[in-house]
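2 protein chains.
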Amino acid sequence: MYKETNIRSIAKGISWRVVATSTTIGIVYFFFDRLDLAIAAGMIETVLKIGLYWAHERAWFKVKWGRKKIEPFNLWFTGLPLSGKTTIADKVYKELEALSIPLERLDSKDIRDLIPSIGFTREDRNRHMHRIGYLIQKLQNNSISTVASFVSPYRESRKAIREMVKNNIVVYLKADVLTCKERDYKGVYERAEKGELQNFSGVNDVYEEPQHAEIIIDTQVSSADEAAQTILEYIKKHYVK
Amino acid sequence: MYKETNIRSIAKGISWRVVATSTTIGIVYFFFDRLDLAIAAGMIETVLKIGLYWAHERAWFKVKWGRKKIEPFNLWFTGLPLSGKTTIADKVYKELEALSIPLERLDSKDIRDLIPSIGFTREDRNRHMHRIGYLIQKLQNNSISTVASFVSPYRESRKAIREMVKNNIVVYLKADVLTCKERDYKGVYERAEKGELQNFSGVNDVYEEPQHAEIIIDTQVSSADEAAQTILEYIKKHYVK
Numbered sequence: 007m008y009k010e011t012n013i014r015s016i017a018k019g020i021s022w023r024v025v026a027t028s029t030t031i032g033i034v035y036f037f038f039d040r041l042d043l044a045i046a047a048g049m050i051e052t053v054l055k056i057g058l059y060w061a062h063e064r065a066w067f068k069v070k071w072g073r074k075k076i077e078p079f080n081l082w083f084t085g086l087p088l089s090g091k092t093t094i095a096d097k098v099y100k101e102l103e104a105l106s107i108p109l110e111r112l113d114s115k116d117i118r119d120l121i122p123s124i125g126f127t128r129e130d131r132n133r134h135m136h137r138i139g140y141l142i143q144k145l146q147n148n149s150i151s152t153v154a155s156f157v158s159p160y161r162e163s164r165k166a167i168r169e170m171v172k173n174n175i176v177v178y179l180k181a182d183v184l185t186c187k188e189r190d191y192k193g194v195y196e197r198a199e200k201g202e203l204q205n206f207s208g209v210n211d212v213y214e215e216p217q218h219a220e221i222i223i224d225t226q227v228s229s230a231d232e233a234a235q236t237i238l239e240y241i242k243k244h245y246v247k
Numbered sequence: 007m008y009k010e011t012n013i014r015s016i017a018k019g020i021s022w023r024v025v026a027t028s029t030t031i032g033i034v035y036f037f038f039d040r041l042d043l044a045i046a047a048g049m050i051e052t053v054l055k056i057g058l059y060w061a062h063e064r065a066w067f068k069v070k071w072g073r074k075k076i077e078p079f080n081l082w083f084t085g086l087p088l089s090g091k092t093t094i095a096d097k098v099y100k101e102l103e104a105l106s107i108p109l110e111r112l113d114s115k116d117i118r119d120l121i122p123s124i125g126f127t128r129e130d131r132n133r134h135m136h137r138i139g140y141l142i143q144k145l146q147n148n149s150i151s152t153v154a155s156f157v158s159p160y161r162e163s164r165k166a167i168r169e170m171v172k173n174n175i176v177v178y179l180k181a182d183v184l185t186c187k188e189r190d191y192k193g194v195y196e197r198a199e200k201g202e203l204q205n206f207s208g209v210n211d212v213y214e215e216p217q218h219a220e221i222i223i224d225t226q227v228s229s230a231d232e233a234a235q236t237i238l239e240y241i242k243k244h245y246v247k
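Keeping their order, the protein sequence lines are chains A and B.
The opening residue of the first sequence carries number 7 in the numbering used here; numbering runs sequentially from there.
The opening residue of the second sequence carries number 7 in the numbering used here; numbering runs sequentially from there.
Fair warning: there could be bad hints in the mix.
Because identical chains cannot be distinguished in the list, a pair is counted as satisfied if it fits within a single copy or across any two copies.
[What the hints assert, rightly or not] Straight-line distance between alpha carbons at most 30 Å, and here's what the computed DSS-like set of lysine-lysine pairs gives:
| hint | residue 1 | residue 2 |
| --- | --- | --- |
| 1 | Lys-74 | Lys-172 |
| 2 | Lys-115 | Lys-172 |
| 3 | Lys-200 | Lys-74 |
| 4 | Lys-243 | Lys-68 |
| 5 | Lys-70 | Lys-192 |
| 6 | Lys-100 | Lys-144 |
| 7 | Lys-200 | Lys-115 |
| 8 | Lys-97 | Lys-243 |
| 9 | Lys-70 | Lys-97 |
No lab work stands behind these hints: they were computed from the structure.
All values derive from a computational prediction rather than experimental measurement.
For reference, chain A alone in the conformation it holds in the complex (with noise of 0.2 Å):
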């Protein structure tokens, strides 16, 4: 969040002085014929008024009236593991900060990384959106829009996140777990088959698809670039005014 400083009230109060008093200079010359008073009148508005424009920036700074507080949206990817959420919605976060959204990433590795203990169970998953939908809140609160990409696997967990937050966007990457174990350069899917892993979205525990995401995307069709591009045309579309 930003504040104007002085410094660039000053520089606007240049800036604008230019225009202004080229344009006064023009309208004296045309009524009375002399240039020579034209420019004398131009250079004393020039003094009094960048010290006037200065105040007037400054009162206008205090006053909150004509501001309109920018809307916020999440836009949640859910998916099995390797469908591409976080390579698509990296892609989408770039993008959108590109327009100057007021954005935060969330992605579920760089939480867990942080808190190694979440846990994968039904309870602690259900647990774990429970507090990224607060954390969601607590940014929309502040006009901040959100890129979360987490398998978020269950039915219950993706609808407490849409009553939790505004303008819930839910992108499913589609997928099958075929596909997904073919991209595992990670190696997870075998370490769930084997067993290392437990509760493992799509091997040993459910994935239950969305039955209301507002963008689907079949990546087995489209490439990360064209999803991405979905995306961005939706959002352009009902949030960019």
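Model the placement of chain B on the given structure of chain A, informed by the hints.
Using the frame of chain A, we list chain B on its own:
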């Protein structure tokens, strides 16, 4: 977070025009001693420059230069149950909000009401604190300061918060267990002493006093209003410019 609406830029244009045109008329009249022509010049100027000023405003709205990122702080209230954390933190929050500081209030109770299964063991509490630290980080990334009130009885978790966030201000509300018991309108100390509540700081679990608190309030000496004033003065001195 706010954006400047078009209507705000137009209103600024008009209010500035009133100031500026009066000045122009004065200057032209001073040079040429012809009030009629001075007023005519002023009228032409008004029409031309309202449009120019608006365009100038909109152009500057796109320019990021000269806007300063607001520096966030974290006010962290720690102390025994019923030492007065919530009461004093609420007062401070209200006063800081009036100063137009972008702000969020985080209270132990709100989060525990939302997610009742957080737990009170040392491990549970420390994990909880890491999550709160993460939440504060995300808010601070967006210039949002926080007023947080948590018993936070362990040194290691307060240390973790300090390492995770910027401009951490620990406010230690000092009160001995006897005093807190006297204030116990909730009956929680009684329940803890009966063994109905486990891991209750000050009764059947330790409260480790902070060694590096920025502000220490002796709640047996200061009233809640006095405490809030002390804290506000600290914030005004260090963080409000």
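Hint-by-hint comparison with the structure:
With identical chains, the CA atoms of Lys-74 and Lys-172 are at most 30 Å apart both within one copy (17 Å) and between copies (29 Å). Within a single copy, Lys-115 and Lys-172 get their C-alpha atoms as close as 24 Å, and across copies as close as 23 Å, so both meet the 30 Å cut-off. In this assembly of identical chains, Lys-200 and Lys-74 lie within 30 Å of each other by CA distance neither inside one copy nor across copies; the values are 55 Å within and 54 Å between. Within a single copy, Lys-243 and Lys-68 get their C-alpha atoms only as close as 33 Å, which misses the 30 Å cut-off; across copies the closest is 21 Å, which meets it.
In this assembly of identical chains, Lys-70 and Lys-192 lie within 30 Å of each other by CA distance neither inside one copy nor across copies; the values are 51 Å within and 41 Å between. Taking the shortest alpha-carbon separations for Lys-100 and Lys-144, both the intra-copy value of 22 Å and the inter-copy value of 17 Å come in at or below 30 Å. Only within a single protomer do Lys-200 and Lys-115 lie at most 30 Å apart by alpha-carbon distance; the minimum there is 22 Å, versus 42 Å between protomers. Proximity of Lys-97 and Lys-243 under a CA criterion of 30 Å is satisfied intra-copy only: 18 Å inside one chain copy versus 42 Å between copies.
Proximity of Lys-70 and Lys-97 under a CA criterion of 30 Å is satisfied inter-copy only: 23 Å between copies versus 35 Å inside one chain copy.
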